[in-house]
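Take a look at the letters that make up each chain.
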Amino acid sequence: MYMRNMIVELGHFALILAFGTALLQTVVPLVGAQKGWRGWMEMATPAATAQFLLIAFAFGAVSWAFLTSDFSVLLVYENSHSAKPWLYKLTGVWGNHEGSMLLWVLILSAFGAAAAMFGTNLPLPLKARVLAVQASIGVAFLAFILFTSNPFLRIEVPPMDGRDLNPLLQDPGLAFHPPFLYLGYVGLSMSFSFAVAALIEGRVDAAWARWVRPWTLAAWMFLTVGIALGSWWAYYELGWGGFWFWDPVENASFMPWLLAAALLHSAIVVEKRESLKSWTVLLAILAFGFSLLGTFIVRSGVITSVHAFAMDPARGVAILIVLALFVGGALTLFAARATALEAKGVFGMVSREAALVLNNILLAVAAFVVFVGTIWPLVAQMLLGRVLSVGAPFFEAAFTPFMVVLAIVLPVGSLLAWKRGDLTRSLRALLPALILAFALAALAWTVGTGRSILAPVGTALGVWIIAGAAVDLWQRTGTSGASRLLRLPRADWGKAISHAGLGVTILGISLLMAWQEEDIRTAALGESFQVGAYELTLNSVDEVPGPNYRSLMADVTVTRDGAQVARLHPEKRFYPVAAMPTTEAAIQNGVLRDIYVVIGDAQEGGGYAVRTYIKPFANWIWGGAILMALGGLMSLSDRRLRVAAGAARLSRAAVAAE
Amino acid sequence: MRALLFALLLWPTALLAVEPDEVLSDPGLEARAREISTGLRCPVCRNESIDESHAQVARDIRLLVRERLEAGDSDNQVQAAVVARYGEYVLLRPTAEGANLLLWLAGPAMLVAGLGIGWAVVRGRSRGPEPESLTADEKARLEDLLRH
Numbered sequence: 008m009y010m011r012n013m014i015v016e017l018g019h020f021a022l023i024l025a026f027g028t029a030l031l032q033t034v035v036p037l038v039g040a041q042k043g044w045r046g047w048m049e050m051a052t053p054a055a056t057a058q059f060l061l062i063a064f065a066f067g068a069v070s071w072a073f074l075t076s077d078f079s080v081l082l083v084y085e086n087s088h089s090a091k092p093w094l095y096k097l098t099g100v101w102g103n104h105e106g107s108m109l110l111w112v113l114i115l116s117a118f119g120a121a122a123a124m125f126g127t128n129l130p131l132p133l134k135a136r137v138l139a140v141q142a143s144i145g146v147a148f149l150a151f152i153l154f155t156s157n158p159f160l161r162i163e164v165p166p167m168d169g170r171d172l173n174p175l176l177q178d179p180g181l182a183f184h185p186p187f188l189y190l191g192y193v194g195l196s197m198s199f200s201f202a203v204a205a206l207i208e209g210r211v212d213a214a215w216a217r218w219v220r221p222w223t224l225a226a227w228m229f230l231t232v233g234i235a236l237g238s239w240w241a242y243y244e245l246g247w248g249g250f251w252f253w254d255p256v257e258n259a260s261f262m263p264w265l266l267a268a269a270l271l272h273s274a275i276v277v278e279k280r281e282s283l284k285s286w287t288v289l290l291a292i293l294a295f296g297f298s299l300l301g302t303f304i305v306r307s308g309v310i311t312s313v314h315a316f317a318m319d320p321a322r323g324v325a326i327l328i329v330l331a332l333f334v335g336g337a338l339t340l341f342a343a344r345a346t347a348l349e350a351k352g353v354f355g356m357v358s359r360e361a362a363l364v365l366n367n368i369l370l371a372v373a374a375f376v377v378f379v380g381t382i383w384p385l386v387a388q389m390l391l392g393r394v395l396s397v398g399a400p401f402f403e404a405a406f407t408p409f410m411v412v413l414a415i416v417l418p419v420g421s422l423l424a425w426k427r428g429d430l431t432r433s434l435r436a437l438l439p440a441l442i443l444a445f446a447l448a449a450l451a452w453t454v455g456t457g458r459s460i461l462a463p464v465g466t467a468l469g470v471w472i473i474a475g476a477a478v479d480l481w482q483r484t485g486t487s488g489a490s491r492l493l494r495l496p497r498a499d500w501g502k503a504i505s506h507a508g509l510g511v512t513i514l515g516i517s518l519l520m521a522w523q524e525e526d527i528r529t530a531a532l533g534e535s536f537q538v539g540a541y542e543l544t545l546n547s548v549d550e551v552p553g554p555n556y557r558s559l560m561a562d563v564t565v566t567r568d569g570a571q572v573a574r575l576h577p578e579k580r581f582y583p584v585a586a587m588p589t590t591e592a593a594i595q596n597g598v599l600r601d602i603y604v605v606i607g608d609a610q611e612g613g614g615y616a617v618r619t620y621i622k623p624f625a626n627w628i629w630g631g632a633i634l635m636a637l638g639g640l641m642s643l644s645d646r647r648l649r650v651a652a653g654a655a656r657l658s659r660a661a662v663a664a665e
Numbered sequence: 659m660r661a662l663l664f665a666l667l668l669w670p671t672a673l674l675a676v677e678p679d680e681v682l683s684d685p686g687l688e689a690r691a692r693e694i695s696t697g698l699r700c701p702v703c704r705n706e707s708i709d710e711s712h713a714q715v716a717r718d719i720r721l722l723v724r725e726r727l728e729a730g731d732s733d734n735q736v737q738a739a740v741v742a743r744y745g746e747y748v749l750l751r752p753t754a755e756g757a758n759l760l761l762w763l764a765g766p767a768m769l770v771a772g773l774g775i776g777w778a779v780v781r782g783r784s785r786g787p788e789p790e791s792l793t794a795d796e797k798a799r800l801e802d803l804l805r806h
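Protein chains in written order, with my numbering: chain X, 8 to 665; chain W, 659 to 806.
Treat the hints as calculated values from the structure; they're not laboratory data.
Incorrect hints may appear among the rest.
Claimed, not checked - From the structure, some residues in chain W lie toward chain X, with a derived Cβ separation under 10 Å:
1) Val681
2) Asp733
3) Pro752
4) Met768
Because the structure is a prediction, the values reported are computed rather than measured.
Every residue gets a Cβ at the ideal spot worked out from N, C-alpha and C, and that includes glycine.
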């Protein structure tokens, strides 16, 4: 018992020490870099490691309290239960405000420590400044945790058992959704730190972009996976197969994703052509700014409900101050220093650079549209006194056009040469892709029953991008043909795979939305009914006990032309501790379609409400996201080598110059 | 980011939204009802349309929508009837009138600005500093030199 108590208190102490370390790490290296004192600059590296280890210990202490169900800790009591499976005890650590903020700083310090460890090639002043800026973010959030959201608070008389984690969170998809999302959000802090450090130094060059890109790429990959996990979870858990709701909380993660995607592309221009420097720095600041904004939106609850904000304004205001301080400060620095970032590369109106500028405009404006739509209800209420909603129909109308244009331009732009491209040549190379896109769009038009425009347009765009990515790869092989394909740099493969992933996702979203079939009915036990090409039979509905819930489980047989396709067991669960029911849809996954069955309440006249969906191409949505992330990984594995190589060359040159 | 207790307190537990007994026998009317429903917000839910929500009030509105449709209202009339009773808040797609124009035009305006700036930048870059070209002064000197 004593040992257990000690661990929580030691964790608390470690967090306070981490705060002190972060404070030192902010001030000392920065002064050192300004004065050119080597020892002071070098202090950043061990400090970053120490800060990470201390926070990791604190995080471990909270996890320990959760795993051992130590209900004398307030947080554990409020968010856990002794009967919960151990995995959800662990994931319960970040299934609440305090724990998730602790995870936030843990990842922040992990990125700092990683930069300290891998950044051996960085020039010392730049490294010192990057780590100092990174630590300053840590200072702000550690203070936030210690003063407003302390996870280590105790209850004087420990209760017998906890209040349980929200049942919706007791799910593998959602369990790992926040860590990935945070890795993405917080990963953008690295780009931010590099941007601010560069502004302090007043220098941005190809080497800088080469250091920034892997971090941005990593952050973007994590965000992609995190968003996809969340969307997938919503699809199977919420019971009607929706995969994206344009909810403020979702938008909060989508805006940084869009900006990170833009940043990835503009950093290429800086790296290869030494142009778009100030814009890239600005994007890096904005991308992290939107991460902070997302944290604010989610943590304060201001957008989801103004009342929630009024009840506990301390946390929201604190994050708002942090946001204003960091983004405001960085933008002021940017205004003062941006002119010093002189562009070198010259390029024509038709060139890869110009295409990437267009990419950046489209992505940034799309992010802006999401931003305006997200905050508009708040603005309208505060300034106009109007209570209104901005929901999915607005975003579908206002956001989609940008993605359509982006999809049209993408294959052309990615084929153009640097400096001066030849539009006719690129278009000629893309002719097979264009023909394929139109052919399949025509097919989609003929196959579709509702004659909606969505299916053919989505098909055309998706196929255009996928085939365009293939053409891009093929072009890279030059005249030597297929044998060179496998020897292409991984970055080329990464680019093609990521772009194709976007195409796959576009295909999935448009075909699912265009061709989904739905059936709602009351089915008696033993009754068979037809949905689309399938025949479903409700065999039985039984009460089944679970570890910490009761379940009403149906047994449904799905046949097609007399042959059995699947046997599905949709459930309705009731979690007595949280007094909450959940729906567990039963899904038969397929490449071309999902069969999605939900069981409802027993009906008055006998039988059960049953809802059946045929969801075509559903898995393509997340499959595309996985491809995008894989492409990023591929590119990253290439980049790292090249970063090391380029940086090593650079540092040798620096030594020689000395 | 759904991992929020706070947010999830308001999150639907999503049982069945449209109940079998609500469905209209006329498939055309039912399809219109569904279409209208996806644009109306459930007033007590967290960003859910009445088509997705299982809340009692969402069911009430769904029934109201179907009632009006059976009475022969147009889609717009149905929507107006719901807004009259539950307020502007239920519209998931805000009207493009008055101050809301700012919301609708923000994107296009920003795009025009972005394209304008982007075009100017790219044009500037495409002209760029050309090291080969001579200033007027240098040209004069060159001509001077060539003449002799």
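Here is what the structure says about each hint:
1. Val681: holds (6 Å)
2. Asp733: violated (13 Å)
3. Pro752: Holds - the Cβ of Pro752 of chain W comes within 10 Å of chain X, reaching about 5 Å at its closest.
4. Met768: holds (5 Å)
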